[in-house]
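Chemist: The lines below spell out each chain.
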Amino acid sequence: SQQGEEDPQALSIQEGENATMNCSYKTSINNLQWYRQNSGRGLVHLILIRSNEREKHSGRLRVTLDTSKKSSSLLITASRAADTASYFCATGANAGGTSYGKLTFGQGTILTVHP
Amino acid sequence: SAVISQKPSRDICQRGTSLTIQCQVDSQVTMMFWYRQQPGQSLTLIATANQGSEATYESGFVIDKFPISRPNLTFSTLTVSNMSPEDSSIYLCSVEVWDSRYNEQFFGPGTRLTVL
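As given, the protein sequences belong to chains A and B, one line each in that order.
According to our numbering, the stretch in the first sequence is residues 1 to 115, in order.
According to our numbering, the stretch in the second sequence is residues 116 to 231, in order.
Pulled out of the complex, with its shape left as it was, chain B reads as follows:
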């Protein structure tokens, strides 16, 4: 397994500002993922962040809105830019831990974002 921490755990932000969320893992991992969970909804993948390459974004998510950094194998950041109330969600990072060829994923505690 993997132990994952996120900062901040929650924040309340004003419209038009940006927030950077940090994700720290206790071991080196190749693949990290960022998910969004809107109120009362399931999780939706935002992007995949591999160390040493540009993040790969899912349909409906763009780099200008959600820039991601992955400077090393234990750390990543997600920025939510130019926020609007529609960005109010829980943002979660996850990492993939390999057991043979099966990708078991573990999640951080999430960052609860409220945009006013």
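Only chain A is shown next, with the shape it has when bound in the complex:
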């Protein structure tokens, strides 16, 4: 299986509800980033959480990181129909290795928010 696996693969909720997406990874990381993609367009950077951070907030977004479990979660509170998109986590490797600077993406979660 791949670095940066996400679950669920698809999530369908009503407007106003919270949406939680999870991401697991296998190797040591420098940081973990979450992105949103609308209808096959470019990726919008949502938030970066560093390996020494446990939680980060940005507006209605809350990201947690548990390096002991090699997992992260993205919580979107009070969801809106405009939040409908695919959400990807991506892990950045530690310095010193040949993978430094590269991101490894998960398979993504398709979120549908019904009005």
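These are calculated hints, taken from the structure and not from any lab test.
A portion of the hints provided could be inaccurate.
Some chain A residues judged to face chain B by a derived CB distance under 7 Å, without partners named [as the list claims (entries may be wrong)]:
| no. | residue |
| --- | --- |
| 1 | 40 |
| 2 | 78 |
| 3 | 102 |
Where is the CB? At the ideal position from N, CA and C, for every residue including glycine.
Once you've looked at the hints, dock chain B against the given chain A.
Modeler: Structure of chain B alone, referenced to chain A:
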């Protein structure tokens, strides 16, 4: 952050032809990356393009098929050569913006390629 543009935004091409995709950034950056996203899939890194050196390709991608240029710190091109329908994908460039030692990456809007 960084503002990234790509040209073309989409194209429909015939089998056997080549397409060059341009990526322009609004600031000077050291590292640029090219990704491919096949239909319904996640992103896969094609290569890393640093200014002044040859691009570094990931496993499964070769220079003859995906030649890359990086003439300066704000611009790069990716060519998809001798295209086949399997090359139909969204191609995205990204740049790395440094916040201390954490590499935050920002993506362009993508180029949607359809090969007939």
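Chemist: Now tell me if each hint is right for this structure.
Modeler: Now for the hints, and whether the structure bears them out:
1. Below 7 Å, beta-carbon pairs count as interface contacts, and residue 40 of chain A has one with chain B at about 6 Å; its hint therefore holds.
2. At about 25 Å, the closest approach between the beta carbon of residue 78 of chain A and any beta carbon in chain B exceeds 7 Å, and the interface hint on this residue is violated.
3. Annotation: interface hint on residue 102 of chain A holds; nearest CB of chain B at approximately 6 Å, less than 7 Å.
Figure legend: structure checked against the earlier numbered hints; the only hint not met is number 2.
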